[in-house]
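**Q** What follows is the residue order along each chain.
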Amino acid sequence: MTTETMKPARSAQATMPLVRAEGVRKSFGNNEVLKGIDLTVESGEVVCLIGASGSGKSTFLRCVNHLEKIDGGLLWVGDRVVGYRLKGTKLHEQSHNEICADRTDIGMVFQHFNLFPHMTVLENLMEAPLRVLKQRKEEVRRRAVELLEKVGLQDKAKAYPRHLSGGQQQRVAIARALCMQPKLMLFDEPTSALDPELVGEVLRVMKDLARSGMTMIVVTHEMGFARDVADRVVFMHDGRIIEDGPAERVINNPEHERTRAFLSAVL
Amino acid sequence: MNRIDAYAPARVGSGNFTVVPARHPWRWLAGLGLTAIILLLVVSAVTNPRFGWDKVARYFRDVTIVNGIGITLFLTVVCMAVGIGLGVLLAVMQLSPNPVASAFAGGYVTIFRGTPVLVQLLVWFNLSALYPEISFGIPGVNLDANQLITPLTAAILGLGLNEAAYMSEIVRAGIQSIDHGQTEAAGALGMPRILTLTRVVLPQAMRVIIPPTGNEFIGMLKTTSLVSVLAVPDLLYSAQIIYSKNLQVIPLLIVASLWYIIVTTVFTIGQGYLERRFSRGSSRSVPPTALERAAKFFRVHSPLAKGKGKSS
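For the protein sequence lines, the chains are A and B, in the order given. Residue numbers for the first sequence follow this note's numbering, beginning at 1 and rising by one. Residue numbers for the second sequence follow this note's numbering, beginning at 1001 and rising by one.
Check the hints yourself; a few may be wrong.
[Said to hold, decoys possible] Covered stretches of chain A, as calculated for chain B (at least 3 residues, CB under 8 Å): (1) 92-101; (2) 113-119; (3) 125-131.
[Said to hold, decoys possible] Every beta carbon over 12 Å from chain B, so not counted as near; a handful from chain A, in silico: (4) Lys87; (5) Arg249; (6) Arg258.
Hints are computed from structural coordinates only; laboratory data are not their basis. From the three backbone atoms N, C-alpha and C, an ideal C-beta is built for every residue, glycine too.
Pulled out of the complex, with its shape left as it was, chain A reads as follows (with noise of 0.2 Å):
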């Protein structure tokens, strides 16, 4: 419905639009998880997706970074498209270091932080940039710390992740994809894992983020979060798009019987 509406308008586009789906499928055994996903972000956009546990959300988001493989249509990140080498009109499949280089442009932020609890917090967010980007360590130092005062940080940079609270490490985890330089950034449920008052201290930082004009999916289930920051707000059911468009309009009012249900039931 909607998406099948945008998606001619958008291709026509003269700019290129930075993550395109196109019928994207996924299936656990015989459990099919997407079934055929159409979605397109532009450059600079804020799109958070929303829908019960279970409809495919955050699965689809792994499959941006080639977390997941896809099963069946495309899915272009920038010219590229992801798991495979364009040639003429041939699709070759990546190697692991093809892969690994292509999500070096993608950050991407987890439920459960998985910070490196064996390197300190500095050591964390230098340790891509130095070894799979092999930029100058004065560089990347400089950088980091950086970060770190942006997500006001900057006294815990020789804590070990341990000794940080939950907030806290996801903050540095934030940091520490931001560090790669993105051109996208990923978070899979972000606060979910979050004592209620931590959720705030990240959400801000997500906040900060996104109006420095980086394009974000977020998979959340903080409907405060989606209708003030998100550009638009994708409502996912049981492996399909149901609902896209303005966070305002999804959140406030809702098309389809189902968005109306699952926003009643969390709001």
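On the provided structure of chain A, position chain B as indicated by the hints.
**A** Structure of chain B alone, referenced to chain A:
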């Protein structure tokens, strides 16, 4: 919370309760009994002249013995190095998506862990019976197996390759103990598999790998005594050389045993410090060093020193 609040005013108010430490009569009884057994053993060891303590003292720093310790230590270190290196490789192969690689590693473990190490030593020592000439499949290379496989190389091959099978299981368990989220986070940062393994997974797995590896090290130190069947002059064989001449079997076995105990004790202390090093960032309290543990032992076991006293 509530209970403490309820009691606090009473304690502060009257102010002169006496704390009576718990008594442990069975603990004391067991301690006395064990002390008696130890004393009996010591007395019998000291008074029985057949222990030959004077001979133990004479041969304790004998040149042959000291050289034997050198060989034993050399074999332990080299075989463990072979075992750890090959073990990591086998563990990675076993976890690899390539079915041939994982089957190869699985087969290796089955064979080398499933046969006695003594048999393996003898097979390596007698390799020339199987392959009189070794060419490694390369044309032009023709090595005489009898010259290539000296007792020492047979010992290193036998013990090292056997150890690799055990180490690979230890390393595999360590790698598998690491949360999958770590690999995913590294992958999302664009870190390739090798980098993820060496920088993220293995350093964390070390905490799981080190304690059993320490045991393997100490086990290896003693297993090297098997090479005496290949006439490699390690610590045990050196003792055997001496007692085959002077027939002082027991004193020389005591000399060897004392040295084994000394070296394993040193290893154990080192292991403690290594574990401390690798528990970095993983827990709030690092495990105590041997010294701290000794201090704690004496502190806990002297309740009389400060057990009695008044609260407040």
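**Q** Next step is simple, just say for each hint if it's right about the structure.
**A** Cross-check of the supplied hints:
Counting residues of the segment 92-101 of chain A whose CB lies closer than 8 Å to any CB of chain B gives 4, so the stated coverage by that chain holds, three being the minimum. Only when three residues or more bring their CB closer than 8 Å to a CB of chain B does the claim for the segment 113-119 of chain A stand; here the count is 6, and the claim holds. Coverage of a stretch by a chain is defined here by at least three residues with a beta carbon nearer than 8 Å to that chain's beta carbons; for the segment 125-131 of chain A and chain B the count is 3, and the condition holds. Every C-beta of chain B lies more than 12 Å from that of Lys87/A, the closest at about 22 Å, which supports listing it as non-interface.
Every CB of chain B is more than 12 Å from the CB of Arg249/A (nearest about 32 Å), matching its label as outside the interface. Its beta-carbon lying about 31 Å from the closest one in chain B, Arg258/A satisfies the requirement of being farther than 12 Å from that chain.
Hint violations for this structure: none, all hints satisfied.
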